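Chains as they are written, first to last, in our numbering: chain G, 35 to 390; chain W, 35 to 390.
Simulated from the structure, these hints should not be mistaken for laboratory data.
On a predicted model such as this, the values are computed, not experimentally measured, just so you know.
For glycine and all other residues, C-beta sits at the position ideal for the given N, C-alpha and C.
Be a bit skeptical, because a hint or two may be false.
To be verified - Simulated coverage check for chain G against chain W, where a stretch passes if three residues somewhere in it have a Cβ under 8 Å from a Cβ of chain W:
1) 79-91
2) 179-193
3) 249-257
4) 262-270
5) 327-338
6) 349-358
7) 361-372
To be verified - FRET-style restraints, in silico, Cβ to Cβ:
8) W:208 x G:243: 48 to 56 Å
9) G:350 x W:181: 43 to 51 Å
10) G:102 x W:259: 41 to 49 Å
11) W:244 x G:350: 26 to 34 Å
12) G:106 x W:317: 18 to 26 Å
13) W:324 x G:378: 45 to 53 Å
14) G:357 x W:338: 28 to 36 Å
15) G:331 x W:268: 22 to 30 Å
16) G:238 x W:317: 15 to 23 Å
17) G:256 x W:236: 41 to 49 Å
2 protein chains.
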Amino acid sequence: MGPLLRLSESACVRLAEALLRASGAPHAEAELVAGDLTTSSLLGVDSHGMLRLPEYLDQIACGSLVPGAAITVQQRSAATAIVDCGYNFGQVGARRAAETAWRLASEAGIGCAVTLRCGHVGRLGSVVEWVARQGMLAVAACNSPVHGHFVVPFGGREGRLATNPLAYAVPCGGEPLVADISTSVAPEGKIRTYLNRGLPLPEGWAIDAAGRPTTDARAFYGPPRGGLLPLGGASGHKGFALGLLVEILGNTLAGHACTDPTLKGNGLWVLAVDPAPFVPPQRFRQLVDELMDYVKSSPPAEGFAEVLVPGEPERRMGVQRRQEGIPIDAATWAAIERHAARLGVSLAALAAEAPG
Amino acid sequence: MGPLLRLSESACVRLAEALLRASGAPHAEAELVAGDLTTSSLLGVDSHGMLRLPEYLDQIACGSLVPGAAITVQQRSAATAIVDCGYNFGQVGARRAAETAWRLASEAGIGCAVTLRCGHVGRLGSVVEWVARQGMLAVAACNSPVHGHFVVPFGGREGRLATNPLAYAVPCGGEPLVADISTSVAPEGKIRTYLNRGLPLPEGWAIDAAGRPTTDARAFYGPPRGGLLPLGGASGHKGFALGLLVEILGNTLAGHACTDPTLKGNGLWVLAVDPAPFVPPQRFRQLVDELMDYVKSSPPAEGFAEVLVPGEPERRMGVQRRQEGIPIDAATWAAIERHAARLGVSLAALAAEAPG
């Protein structure tokens, strides 16, 4: 692999928007998706950042992702809805699901949306963070269908679940508290960044197809494919239980079979909880701030400088990458160049402000 | 410690009911609590079983647990409610919260209840299982106030959260799927069973007050007290994030400060989700069954005989203990005998059918 290219935040946004627009995305959709991919990369969540841009462009080219597709909301009860995303961008469908859950919660105190035909959602934290910025607590779960079943059940050696992330966001005095965790030890997208960079995996993440521990990303991808381990190590039954809940909320509740080979993209479940029926919202924010201060007041354990709350490492990376630029790995850049050539988009002008 | 005493399921229920009744509990409450403690012990969840009976009797004696206390439900939005449990038994308050969430979900598709002044809830799986038996999916979170903050934040060495369990239950063709997991590597109650039996703790569960790993339950309890590690080992930021969510749902949403020294018992958040607005309920149950079959079809990893779904190890233990009897550790039995003498209850007749 060659050296990493670095682009400024605004160059990433411009470049992604231009390629998405050239692929037929309406302006508002291109803006939302380009912003989301860039923010993910900025925060250091490379697995859900610019790495995904060529993947989305491929999907548009082959017709499995449909920019501009109509999104419909079916409401069959006061506080729930089904959001059919029509295989528009996952980020666009997920935003509509988040808006829907928030709207229902504005009326009923809580609201919940489940998606159908949703594309790749990207960074799940982004979905819940939007709800928290409207003043509500949000929890989201996101599954992937059978071809993404990389994660073995506790005690098993063949994948039966995807990395099935859970995310939540909570309004507080400053920037919302945002947590976004896969229910495996590591997300598949992170394995891909190790693969693209030619780096060995940390131990305890993956097994090969024969069920043996491996630190080789290629042995994980195969074929034949290996598996990712559920969160928890010796207590991996807990990570497995959480992953199973995500599958049930994101897929079973949507009425899909777990092995349906026709499914693609993600299944998303979003819950919005308005604090107002429970506690005055200003008091709630203040109590969340106090809780953050309290957990951070623990003296550090050996090998740590301080206690960080969820989302804090990402925010710090964001500050650093705003200065240093966003790294784009060589494999991703080569794929972006191929798409730019195909679509007649000039990258040179778009990436001009790149600091690195 | 002496050898374990074994009691039959019915002897446990009779004995617990008699002691609770003699302490002033109305019949329905004594029946619910005795049944819940017995079932927990039967399923092998000793940390939330008969071990707790003398604790509850102590609390009644000192007035911090109030059998027969009125429970009130305040509803300020269509799909949410606050359940003030008046420091009745936690199991009684939790059942009311579960009934409330279920009732709200029957009307709005989803429903959510948060408790105030709730006692020790016991086995959280029991709360969600009740909802699943009514045909709905349920998720619950349960926090404990500051004196129970045994669990260190990821990267810290002083406890800032309780073991904060998450549980869920899902209706399917047969017995509901029930998962009940602490967000620490191990629950505190399980440490207490090791303490009572004089056994060393597994590695990776606890640190002593100086922040060093320990397998000595006494070094964990202190004083000075050590800490429990969050779920996840090297990925302990995920267990910490989940524990923090439980604290926010169970305590912050109820309007309480995280360090309020006047709080006792548990804070409970229960969500009920009716599958009906999303998918025909019979189809939902069938899809959950298919998912269970699918995850169990993974060939076992080395050291495992088969893949078990959440709740399955407990069900198997239940079959075994129905035959062998329920073990009661010597410390718990001695405490039960003290209470029986104080309350004028004859244990000999109540425990007569004990098989062991």
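Here is what the structure says about each hint:
no.	hint	in the structure
1	79-91	violated (count 0)
2	179-193	holds (count 8)
3	249-257	violated (count 0)
4	262-270	holds (count 5)
5	327-338	holds (count 10)
6	349-358	violated (count 0)
7	361-372	violated (count 0)
8	W:208 x G:243: 48 to 56 Å	33 Å, violated
9	G:350 x W:181: 43 to 51 Å	33 Å, violated
10	G:102 x W:259: 41 to 49 Å	59 Å, violated
11	W:244 x G:350: 26 to 34 Å	29 Å, holds
12	G:106 x W:317: 18 to 26 Å	21 Å, holds
13	W:324 x G:378: 45 to 53 Å	47 Å, holds
14	G:357 x W:338: 28 to 36 Å	48 Å, violated
15	G:331 x W:268: 22 to 30 Å	24 Å, holds
16	G:238 x W:317: 15 to 23 Å	38 Å, violated
17	G:256 x W:236: 41 to 49 Å	34 Å, violated
When held up to the earlier numbered hints, the structure conflicts with 1, 3, 6, 7, 8, 9, 10, 14, 16 and 17 and fits the remainder.
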